[in-house]
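Visitor: Based on the hints, put chain F in the right spot on chain H.
Protein chains in written order, with my numbering: chain H, 51 to 316; chain F, 51 to 316.
You may find that some hints are simply not true.
Identical chains share a label here; the pair holds if one copy fits it or two copies do between them.
[Said to hold, decoys possible] Heads up, simulated DSBU-like pairs for lysine-lysine below, C-alpha to C-alpha not over 35 Å straight-line:
id, residue 1, residue 2
1, K294, K153
2, K153, K313
3, K153, K301
4, K85, K294
5, K153, K128
6, K275, K313
7, K228, K211
8, K211, K294
9, K313, K228
10, K153, K211
11, K301, K211
12, K128, K85
13, K85, K211
14, K128, K211
15, K275, K301
16, K228, K153
Honestly, the hints are just simulated from the structure, not real lab data.
These are the residues of each chain, in order.
Protein chains: 2
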Amino acid sequence: MNYTQYFHHCLETRNSFLCTGIDPDVDNIPAAFTKDVQGIYEFVRVIIQATAELSAAYKFNLAFFERWGWRGWQVLEKLVSEVPGDILLLADAKRGDIGNSSKFYARALLQELPFRSATVSPYLGSDSIIPFIEDENKGAFVLCVTSNPSGRELQEHGANKPLYIRTAELVQGLNQHKNLGLVIGATKPEQLLDVRQRFPSLPFLIPGVGSQGGGIETAVEVCRKNGLGLINVSRGILYPTEGKFPDNVRKSAENYHQLFSIKDDK
Amino acid sequence: MNYTQYFHHCLETRNSFLCTGIDPDVDNIPAAFTKDVQGIYEFVRVIIQATAELSAAYKFNLAFFERWGWRGWQVLEKLVSEVPGDILLLADAKRGDIGNSSKFYARALLQELPFRSATVSPYLGSDSIIPFIEDENKGAFVLCVTSNPSGRELQEHGANKPLYIRTAELVQGLNQHKNLGLVIGATKPEQLLDVRQRFPSLPFLIPGVGSQGGGIETAVEVCRKNGLGLINVSRGILYPTEGKFPDNVRKSAENYHQLFSIKDDK
Numbered sequence: 051m052n053y054t055q056y057f058h059h060c061l062e063t064r065n066s067f068l069c070t071g072i073d074p075d076v077d078n079i080p081a082a083f084t085k086d087v088q089g090i091y092e093f094v095r096v097i098i099q100a101t102a103e104l105s106a107a108y109k110f111n112l113a114f115f116e117r118w119g120w121r122g123w124q125v126l127e128k129l130v131s132e133v134p135g136d137i138l139l140l141a142d143a144k145r146g147d148i149g150n151s152s153k154f155y156a157r158a159l160l161q162e163l164p165f166r167s168a169t170v171s172p173y174l175g176s177d178s179i180i181p182f183i184e185d186e187n188k189g190a191f192v193l194c195v196t197s198n199p200s201g202r203e204l205q206e207h208g209a210n211k212p213l214y215i216r217t218a219e220l221v222q223g224l225n226q227h228k229n230l231g232l233v234i235g236a237t238k239p240e241q242l243l244d245v246r247q248r249f250p251s252l253p254f255l256i257p258g259v260g261s262q263g264g265g266i267e268t269a270v271e272v273c274r275k276n277g278l279g280l281i282n283v284s285r286g287i288l289y290p291t292e293g294k295f296p297d298n299v300r301k302s303a304e305n306y307h308q309l310f311s312i313k314d315d316k
Numbered sequence: 051m052n053y054t055q056y057f058h059h060c061l062e063t064r065n066s067f068l069c070t071g072i073d074p075d076v077d078n079i080p081a082a083f084t085k086d087v088q089g090i091y092e093f094v095r096v097i098i099q100a101t102a103e104l105s106a107a108y109k110f111n112l113a114f115f116e117r118w119g120w121r122g123w124q125v126l127e128k129l130v131s132e133v134p135g136d137i138l139l140l141a142d143a144k145r146g147d148i149g150n151s152s153k154f155y156a157r158a159l160l161q162e163l164p165f166r167s168a169t170v171s172p173y174l175g176s177d178s179i180i181p182f183i184e185d186e187n188k189g190a191f192v193l194c195v196t197s198n199p200s201g202r203e204l205q206e207h208g209a210n211k212p213l214y215i216r217t218a219e220l221v222q223g224l225n226q227h228k229n230l231g232l233v234i235g236a237t238k239p240e241q242l243l244d245v246r247q248r249f250p251s252l253p254f255l256i257p258g259v260g261s262q263g264g265g266i267e268t269a270v271e272v273c274r275k276n277g278l279g280l281i282n283v284s285r286g287i288l289y290p291t292e293g294k295f296p297d298n299v300r301k302s303a304e305n306y307h308q309l310f311s312i313k314d315d316k
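Bound conformation, chain H alone:
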């Protein structure tokens, strides 16, 4: 299966656009786990057991592993090798470089590690994106409109055309293998709808739902319009404010799984 076929397969198996974000932070994990890299490992294993049936994808945030140095990378490697099949493994690494550096970043995530897709930052242009999409069995999501307030400082630059539209044009032009998508935050519903309308063929990875307060309805709507898409929830699933762990994690994932269903059940 090429990337697009596999992406479809993962979504249809779960009947949901739910992507569970793996952002393990020792300041937030239950007290039963040690506050070190071993505690992180054991915590994420339980999270995966509780959510694997409900998640079309796992988005591993590399910052939360690199913060532990090489031991964090070692734990990341163990964890991704343990994820059950039929779940799209996405490296949220936001890498972006040129030449051999770009090739090696892609290789680290998509060949040395079993990730199927990765997030890429576009500031350096096509050179930073191409190594991630040369293999039609792998893919990437390029940062377009991010969920943070300061995202607009550069992303809205341009009197006649905001930069994020230029970014989307660049991505569309590179998408020969149909394995590229855009990262657009749920906190920016107007841009979500605008980019959806202008670039109907590009799948979205949508963070910012839940703890960050982004609107769920618009996120689901734009994913349904394309057919491919992922709506990410990290803290809202990993750290529920009530209930007994890990039942509360499962319950929270069930809730988002239902909210993000592929078919409109209304």
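Guide: Chain F in isolation, oriented as in the chain H frame:
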């Protein structure tokens, strides 16, 4: 010493803006080294022995280590702990994220590892830069005009003002601790001179000299104008085309060390 004082100290000790770029690639290292992560470790140790007296800074390119997974990170950790004092350690990681992710990327490089500075990608705005510069003893260089041809795809976006000028304005506005600088490629001499004139207070990290063909004179001129600056050479020092290893490495570094001298000896 805060970051600026330390930066000055490293430059003055060597009387040169030379930054040696550590981009170790098994396809290019001498046959005496094994083509694995251990060979990389031993190769870089010899490079450091041959160039430490001549380099004001070492720029470690993280892609070339991550490509080996956690073992690459382990070797990186060993190598940076062995670099002699009085040399500015720079992590060329081009990270860029928001919130806790941004904090953890900064922590990984500037606290867990002994890097004094790092390269940061600005697409996500201030949120991606601030965690790297909150400690006035540490610093960062933000991507502005990159040396690759496709850099202009987004960096020159904007009818009235190119994005790279907006990036430089953003960086200048965040530079309360005087620990920020810009990455501008030597392959773009017009932009180097333009940004130098508009933003006289920001130090530059200048890649693209040597193998990438960028002009040396302009690079040296804009560094001398500010007083702080780094001109990076990676392949031109690590992989000389002639001579016996490692004497040829030393000789090449001596050449660049002289070309990049802080004071004009003419």
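Visitor: How would you label the pair K313, K228 (within, between, both, or neither) given a Cα cut-off of 35 Å?
Guide: This pair counts as within: shortest intra-copy Cα distance 23 Å, inter-copy 53 Å.
Visitor: With identical chains, the pair K85 and K211 could be close in the same copy or across copies; at 35 Å between alpha carbons, which is it: within, between, both, or neither?
Guide: neither (47 Å within a copy, 48 Å between copies)
Visitor: Tell me, please, which holds for K153 and K211 at an alpha-carbon limit of 35 Å: within, between, both or neither?
Guide: both (31 Å within a copy, 31 Å between copies)
Visitor: Up to 35 Å between alpha-carbons, please classify K128 paired with K211: within, between, both or neither.
Guide: neither (44 Å within a copy, 47 Å between copies)
Visitor: 35 Å Cα cut-off: does K301 pair with K211 within a copy, between copies, both or neither?
Guide: Classified as neither: same-chain Cα gap 43 Å, cross-chain 50 Å, threshold 35 Å.
Visitor: For K85 vs K294, is the C-alpha pair at or below 35 Å within one copy, between two copies, both, or neither?
Guide: This pair counts as within: shortest intra-copy Cα distance 19 Å, inter-copy 50 Å.
Visitor: Using 35 Å as the alpha carbon limit, work out where K275 and K301 are close: within a copy, between copies, both or neither.
Guide: within (27 Å within a copy, 61 Å between copies)
Visitor: If the cutoff is 35 Å on CA atoms, where do K228 and K211 land: within, between, both or neither? Let me know, please.
Guide: Result: close both inside a copy and across copies, 25 Å intra and 33 Å inter.
Visitor: Could you place K228 and K153 in one of the four classes (within, between, both, neither) given a Cα distance threshold of 35 Å?
Guide: So K228 and K153 pass the 35 Å test inside a copy (19 Å) and across (33 Å) alike.
Visitor: If the cut is 35 Å between Cα atoms, do K153 and K301 qualify within a copy, between copies, both or neither?
Guide: Result: close only across copies, 30 Å inter versus 40 Å intra.
Visitor: Regarding K128 and K85, is the shortest C-alpha distance of 35 Å or less found within a copy, between copies, in both, or in neither?
Guide: both (18 Å within a copy, 25 Å between copies)
Visitor: Within a copy, between copies, both or neither: which one fits K211 and K294 at a CA-CA cutoff of 35 Å?
Guide: Neither: 49 Å inside a copy, 54 Å across copies.
Consistency with the previously given hints fails for numbers 2, 8, 11, 13, 14, ordered from lowest to highest.
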